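So the sequence lines, in the order shown, correspond to chains A and B. Our numbering numbers the first residue of the first sequence as 1 and each following residue consecutively. Our numbering numbers the first residue of the second sequence as 117 and each following residue consecutively.
Please keep in mind that the hints were generated in silico from the structure rather than gathered at the bench. A quick note: this is a predicted structure, and the numbers were derived from the prediction, not measured. The C-beta atom is built at its ideal place from N, Cα and C for all residues, glycine as well. Accuracy of the hints is not assured; some may be wrong.
Unchecked claim - Distance condition first, Cα-Cα at most 30 Å in a straight line; then the derived BS3-like pairs of lysine-lysine:
hint, chain 1, residue 1, chain 2, residue 2
1, B, 214, B, 158
2, B, 184, B, 117
3, B, 214, A, 9
4, B, 117, B, 214
5, B, 184, B, 214
6, B, 158, A, 9
7, B, 158, A, 14
8, B, 158, B, 117
Stated by the list, open to error - Partner residues aside, some chain A positions facing chain B, computed with beta carbon under 7 Å:
hint, residue
9, 43
10, 45
11, 71
12, 75
13, 82
14, 83
15, 90
16, 105
17, 107
18, 109
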Amino acid sequence: NAGVTQTPKFQVLKTGQSMTLQCAQDMNHEYMSWYRQDPGMGLRLIHYSVGAGITDQGEVPNGYNVSRSTTEDFPLRLLSAAPSQTSVYFCASSPSPPTGYRNTIYFGEGSWLTVV
Amino acid sequence: KQEVTQIPAALSVPEGENLVLNCSFTDSAIYNLQWFRQDPGKGLTSLLLIQSSQREQTSGRLNASLDKSSGRSTLYIAASQPGDSATYLCAVIGTASKLTFGTGTRLQVTL
């Protein structure tokens, strides 16, 4: 009963390096999203996808890319890491967009990223 | 732009006490509101989901209410236990399926 799985859990990057945070869900959910959580700012939406092949920008998309080639996977790519991207990243999924009736959102356990 | 505020930011209560966490939002045009629990080093767990047409939802010792017109929601926890210690977040879902989160209330229940 995996739910939403994120890897890696911890990562340290040097400024300018690129990396991919992996997210996979086994619930056949159409809607997936990425958030970052920073102290005093709550969770902010980076990118989201309403289904395979469809992605869109959230509140803070700059410096990040996403793709959705399968229903299960929604990787987040940092193109050229900057210290401002030091944060905790959460992947989430739900059966349909969050406006859906009785639509519960499931979160992964987070990826702690430090950019030095 | 939707803004969500949670008061208080931190709360410490003795075991057994009933308590209320508050969430307020600036734009009443929401689809639903969810309350989440976050344990240290962990992701978020959904506790209660209230549709915009509903006034409240209950799950065990938890009761969440929603007053759209005043832009407020409350999470009531009855007979608090040390295992309830966590950060509680509310999130409102508005247009374009976007969630706006509050910054949370950190709850500690002491023995």
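Evaluation of the provided hints:
1. B:214 to B:158: holds (22 Å)
2. B:184 to B:117: Holds. Residue 184 of chain B to residue 117 of chain B sits at ~16 Å (cutoff 30 Å).
3. B:214 to A:9: Roughly 25 Å between the alpha carbons, so the hint for residue 214 of chain B and residue 9 of chain A holds.
4. B:117 to B:214: Roughly 11 Å between the alpha carbons, so the hint for residue 117 of chain B and residue 214 of chain B holds.
5. B:184 to B:214: holds (17 Å)
6. B:158 to A:9: holds (10 Å)
7. B:158 to A:14: Cα-Cα ~25 Å, so holds.
8. B:158 to B:117: holds (28 Å)
9. 43: With a minimum Cβ separation of about 4 Å from chain B (threshold 7 Å), the hint on residue 43 of chain A holds.
10. 45: Holds, because the Cβ-Cβ distance from residue 45 of chain A to chain B comes to roughly 6 Å (cut-off 7 Å).
11. 71: violated (17 Å)
12. 75: violated (17 Å)
13. 82: violated (23 Å)
14. 83: Hint violated; residue 83 of chain A Cβ to chain B Cβ min 22 Å, cut 7 Å.
15. 90: holds (6 Å)
16. 105: Where the cut-off is 7 Å and the nearest Cβ of chain B is about 6 Å from residue 105 of chain A, the hint holds.
17. 107: holds (4 Å)
18. 109: Holds, about 4 Å.
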